[in-house]
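2 protein chains.
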Amino acid sequence: MSRGPEGSVTVAMAQLEVSPGEPARNGARMLGLIAEARGRGVSLLAFPEMSLPGYLLGDMWERPSFLRECEAWTGRIIEATALPGAPITVVFGTVIPDWRALGEDGRVRKYNGYVAAREGEALRHPGLDLPYGIKTLLPNYREFEEPRHFYDARKLALETGRPLESLLEPFILELGGRKCRVGIILCEDAWEDDYVQKPLEILGRKGCDFFLNLSCSPFTQGKNEKRNRVFARKVGKLGSPLFYVNCVSLQNNGKTLFTFDGRSTAYAADGSVRAEMAAYVQAILPLAVEWRHGKADIASAGTLSAAGGPGPKDRLPADAAKKRIGEIHQALKYGVQSFLASMGQDRVVIGVSGGIDSAVTAALYREILPPQNLLLVNMPSRFNSGTTRGLAKELAINLGCLYAEIGIEDSVAVTKAQLDGLEITSPDGSRFAAISLAGFVMENVQARDRSSRILAALAASFAGVFTCNANKAELTVGYSTLYGDLGGYLVLLGDLWKSEVYALGRHLNEEVYGREAIPEGSFTVVPSAELSESQAVDEGKGDPLIYPYHDRLFFAWVQRWNRATPEEVLEWYAAGTLNAELGLEGVDAYHLFPTAPAFIRDLERWWNLYNGIAVAKRVQAPPILAVSSRAFGFDHREALGRPAYTARYLKLRGELLSAAGPAGSGRP
Amino acid sequence: MSRGPEGSVTVAMAQLEVSPGEPARNGARMLGLIAEARGRGVSLLAFPEMSLPGYLLGDMWERPSFLRECEAWTGRIIEATALPGAPITVVFGTVIPDWRALGEDGRVRKYNGYVAAREGEALRHPGLDLPYGIKTLLPNYREFEEPRHFYDARKLALETGRPLESLLEPFILELGGRKCRVGIILCEDAWEDDYVQKPLEILGRKGCDFFLNLSCSPFTQGKNEKRNRVFARKVGKLGSPLFYVNCVSLQNNGKTLFTFDGRSTAYAADGSVRAEMAAYVQAILPLAVEWRHGKADIASAGTLSAAGGPGPKDRLPADAAKKRIGEIHQALKYGVQSFLASMGQDRVVIGVSGGIDSAVTAALYREILPPQNLLLVNMPSRFNSGTTRGLAKELAINLGCLYAEIGIEDSVAVTKAQLDGLEITSPDGSRFAAISLAGFVMENVQARDRSSRILAALAASFAGVFTCNANKAELTVGYSTLYGDLGGYLVLLGDLWKSEVYALGRHLNEEVYGREAIPEGSFTVVPSAELSESQAVDEGKGDPLIYPYHDRLFFAWVQRWNRATPEEVLEWYAAGTLNAELGLEGVDAYHLFPTAPAFIRDLERWWNLYNGIAVAKRVQAPPILAVSSRAFGFDHREALGRPAYTARYLKLRGELLSAAGPAGSGRP
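Those protein sequences? They're chains A and B, same order as listed.
Under this note's numbering, think of the first position of the first sequence as 165, with each following residue one higher.
Under this note's numbering, think of the first position of the second sequence as 165, with each following residue one higher.
Next up, chain A with everything else stripped away, as it sits in the complex:
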């Protein structure tokens, strides 16, 4: 460790906004931030992981021309450190192709790596003896799939026969005349607890003045609090400060969109948070690293807010539940703004039913679009009540946007007249059968008429897109019509449980609009598709989902790290611990389902849907904006197939049904 005199150097976190797959745009932004940092006397400027290429790119890594483009920009960033002016060291993450070697897919070998550059030269990594460093731990869960594309330090250790420890060395950087030992790692390398190899610990044992953790880390509810807990422990143990530098971005893998929230954080030597940058804003934050008795720490940041820290409007309420919904709101807002911008879209059509999902969707879009760019459309049939039609119109008035009411009775009648009773003939001309449109078919006809006929044509004519307003509970069990209300360019609320949709609606009214933008009636009306007489809201009839219960049941299937299945659920039920295991609030499962047969019937109904037709619907669902620890799509990989029940489940089921008497028989 450097034992020089007392003193300080200025280290800046560069919270870069990253456009995935566009090294030229990212590189130009980096050049701008490097120039700014030099002007502000920064000695060391640290960019996030994968600053130049972006990160979630599907298989774009398999295009050699893309790799060459990234490489050319790596050269340009290195050259920028040779420009006249105060000396600066720039550290940035990027893809490093090794054209002389092969990856395990037979393509050119690629690293998720980083470069430390100074005076126009990439410094040599002391452990690798290469002009770059590389990542050790490649995450391979949730939406992450780095080993698909990148080679890593562990494979290099195995290949060369060198101990991994010898490949991990701190960089010796000359900063403000001082030789500093800087431990540089990439994202997952600091999340080492579940791995046998621990890069941060290894570097810590070798002695570092401070650490840089270059990250590309998507927003997930509660992730930042978890990081602060984990890093406080780790950094406190290491006794040297750490800079967590994250990017700001919207990136996707097709079906699932992820926001990268920035929130770059400087941890002092004792593990406490010394400075945190604002969410979803590109900025640099220079901080002084000071040496006392030869030991480095980060000075307190007096000018934090001016330098990209949270301003008064960004500050979230202290209350945990409110803070969480506020963060979800931030993520959705940034995500949809970035997504529209990336498509060059700024006009949106929303089908509004009077219910809460479409109302919250509309209120959120109205936050980011001018009133004449947002068109709300109510599309009533005979089954839509005056109640909900009134709420839809009230919403449009409250939001001050465009509005149209377009009925579907005539067109549905055309379909009914044309298809119901239609004679199907054999090729010899003989009558085979007559088509009869059953009730559930007519429900779907209505839903498809609205989306595929009206909204799709309206959106195209409005030079815009139309939304899908489904929530996560509906997506879980496919409670929506393919090519109907499941159509749209994006499912904005597709990663929010129904309870979160309500909470977000309250948040929008209270914190964003400061008034009843979403009508109170949309919160209190019974959730209903209003597609038949059996779903009449004025008679209190609506969805078959009991959201306070099913939200939590589905959460156990979808979102638990170790996924629960009917086996576990039935065991909890039998043990009397179901309410606690599911975390039910304000609802008692044993009261909802007083008998085992009733409980099992409900359980299997939704399990069959979740693993059956709902998978097929999700395959064709629009992209989903992720805010939870497991969104549908790329973070919830699944196969089309038959719903399965384990032998243990079937045994317990049999026992419970036998105990309940003959009424409860029947196998799933």
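Hints are computed from structural coordinates only; laboratory data are not their basis.
Honestly, I wouldn't trust all of these hints.
[Claimed, not checked] Take a look, some chain A residues computed to stay more than 12 Å from chain B by CB distance: (1) G171; (2) E243; (3) Q385; (4) A396; (5) N417; (6) A452; (7) R488; (8) A602; (9) T688; (10) Y754; (11) G818.
[Claimed, not checked] The list that follows gives simulated cross-link-like pairs (lysine-lysine, DSBU-like), each with its CA atoms no further than 30 Å apart: (12) B/K781 with A/K497; (13) B/K362 with B/K401; (14) A/K497 with A/K781; (15) A/K557 with B/K580; (16) B/K557 with A/K580; (17) B/K390 with B/K362; (18) B/K343 with B/K370; (19) B/K362 with A/K362; (20) A/K580 with B/K390; (21) A/K781 with B/K497; (22) B/K781 with A/K781; (23) A/K781 with A/K705.
[To be verified] Derived contacts from chain B toward chain A, CB cut-off under 7 Å, selection only: (24) K419; (25) E558; (26) A560; (27) L566; (28) Y567; (29) G585; (30) I588; (31) E731; (32) P787; (33) T810.
It should be emphasised that the depicted structure is a prediction, and the values quoted were computed from it without experimental measurement.
Even glycine gets a Cβ: it sits at the ideal position worked out from N, Cα and C.
Here the structure of chain A is known, so what remains is to put chain B in place on it, guided by the hints.
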């Protein structure tokens, strides 16, 4: 190596049909095959990789109850070797959870492993000292993502500090009174060329009488020929025979369905194919392994055909192109049969236009469905010619299935009357703008009316599903309407280029029907969507795609292992090597596009679509049945974003356009 007396033992390949995610079904089948093998005097019965759980299961591996279910069945298979009768050793691949250890995702550690069982006991692996063996090389490309779920021998070597070589040892199996050294590996372990570590070579150096390669290997065009080439070389070098045991299955990861074709193959000690099992049929094939001068080899298989070898009807023509299309046909037929069965579906509705795609789709379904379960529907508008309407009807007559003609003029008129000219108002009631349905919008209205209105309702009323008839060229650039002709339960031809669709049509007429089932006119009519006057087939007008050229251009973008982009394509164009690089046949790109501006305009038009709106369409497209080396979906991961052009492309483009004069200006 065993140096016992001359003699022989009977080794059988068990080409199991695997139901993904259903260990109870697979286990029951295995018990049946074990009993059969005992009856036939088999000493060693080898099942495929992942026989019990299946393989492509999405994230089902994250359910502990599923792992326990698989584990229970592993126990049952082991116990079955203790049943009274001739002693048998059973080797089978399955998931092996290690409940005491963690994987790198923090969940229970899992191996892609295998068990060798005899007399009710799992034999201890001599290298691992565990009652199972594990896989060394986990494929992580295309649709494979094993490291996401499984730990492997390389990580174990790194973790324990033991050399990998010491973890890989042949099993000593007592077969027919002889101690045999059997090298057992799993699938990718034999495809070791791109890896630094080479499990088959390592085992070979340790001396094996013969090898088992338990596989779970999906069908890809030309894969079996490639395997025979690679394995001939490897096995010949090792000098000991190898049994490649593959499963029969349809498995999927949601968007993309893969058939597993079996074709288990026994390679003699010189690397030649001694026996190959039939495609897509569950069977066991016992073969004699004989020792001469202490060296084992496989005796020639006299009873091959009876034991599951190819029967006369399965035999494919010798001609390479015909063989390839025959294999595609086999894969599609097995795939769609299995997919329908897995959903419990046996009725299908197909929209038939008179064109080749829907005709080939219909002819293939008619092969597997009785005539009264297949309903063809022609849905003409004013733009559909008598030519194509006649071809659609002729097709239905030729196939002898149900047929309906349902016009869309009335319903399209309702939409036009309702939306065209519709006044959109501001919330204060003032007029904002009138909607006008442009020509391209009306084209999409027609396409959506057909699929979302008619086919969806008809299919539900027919108690069936409806198909999507898009081909791979259309999917590449999104030349189809979302919620319109891109709707359906499956894109049967979604992995076939247009030229392959034509070839498959010829194959069906010649090899399957032996008559003109698909009307000749459907082969010769110009491909057209017939959605406007500009697509009138009788005037020779149709699709903007020049299939013989664009098929091959798109192939270079989509299917090359190192993906080509406009940069490479333009370089080939400039170098005069484009025809050869794309592999054009019967068409000359320089003739199609006589000037650089014309060539570049076409190139960028389709590149922008492929990387732009077509991605969004593919996210919402139906599942695709894979037959190529890269199908859309899980084997072609992609992000929604902006189409990118590299600096090198833009430079070359500028040079070519400058040389062509001022008419060619304009940037992408």
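Check the hint pairing B/K781 with A/K497 against an upper bound of 30 Å on the C-alpha distance. holds (24 Å)
Using Cβ atoms and 12 Å as the threshold, tell me whether A/E243 really stays out of contact range of chain B. holds (15 Å)
Going by Cβ atoms only, is B/P787 closer than 7 Å to chain A? holds (6 Å)
The output says A/Y754 does not contact chain B. Does that hold with a beta carbon cutoff of 12 Å? The claim stands: A/Y754 keeps its Cβ more than 12 Å from every Cβ of chain B (closest is about 22 Å).
Should the label of A/T688 as a non-interface residue stand, given a Cβ cut-off of 12 Å to chain B? holds (23 Å)
Given pair status - B/K370, B/K343, alpha carbons within 30 Å: holds (15 Å)
Given pair status - B/K401, B/K362, alpha carbons within 30 Å: Satisfied, since the Cα-Cα distance of roughly 14 Å is no more than 30 Å.
Take the shortest C-beta to C-beta distance between B/L566 and chain A; is it under 7 Å? Cβ of B/L566 sits 5 Å from chain A, so the hint holds.
Least C-beta distance between A/R488 and chain B, which was stated to exceed 12 Å: holds (23 Å)
When you look at the beta carbon of A/A396, is every beta carbon of chain B farther off than 12 Å? holds (20 Å)
Verify the interface restraint on B/I588: the C-beta must sit less than 7 Å from at least one C-beta of chain A. The hint holds - B/I588 has a Cβ within 7 Å of chain A, the shortest such distance being about 5 Å.
Take a quick look at A/G171 and tell me if its Cβ sits farther than 12 Å from every Cβ on chain B, holds or violated. At roughly 41 Å from the nearest Cβ of chain B, A/G171 sits farther out than 12 Å, so the non-interface label holds.
Of the numbered hints stated above, those contradicted by the structure are hints 5, 8, 20, 25 and 29, listed in ascending order.
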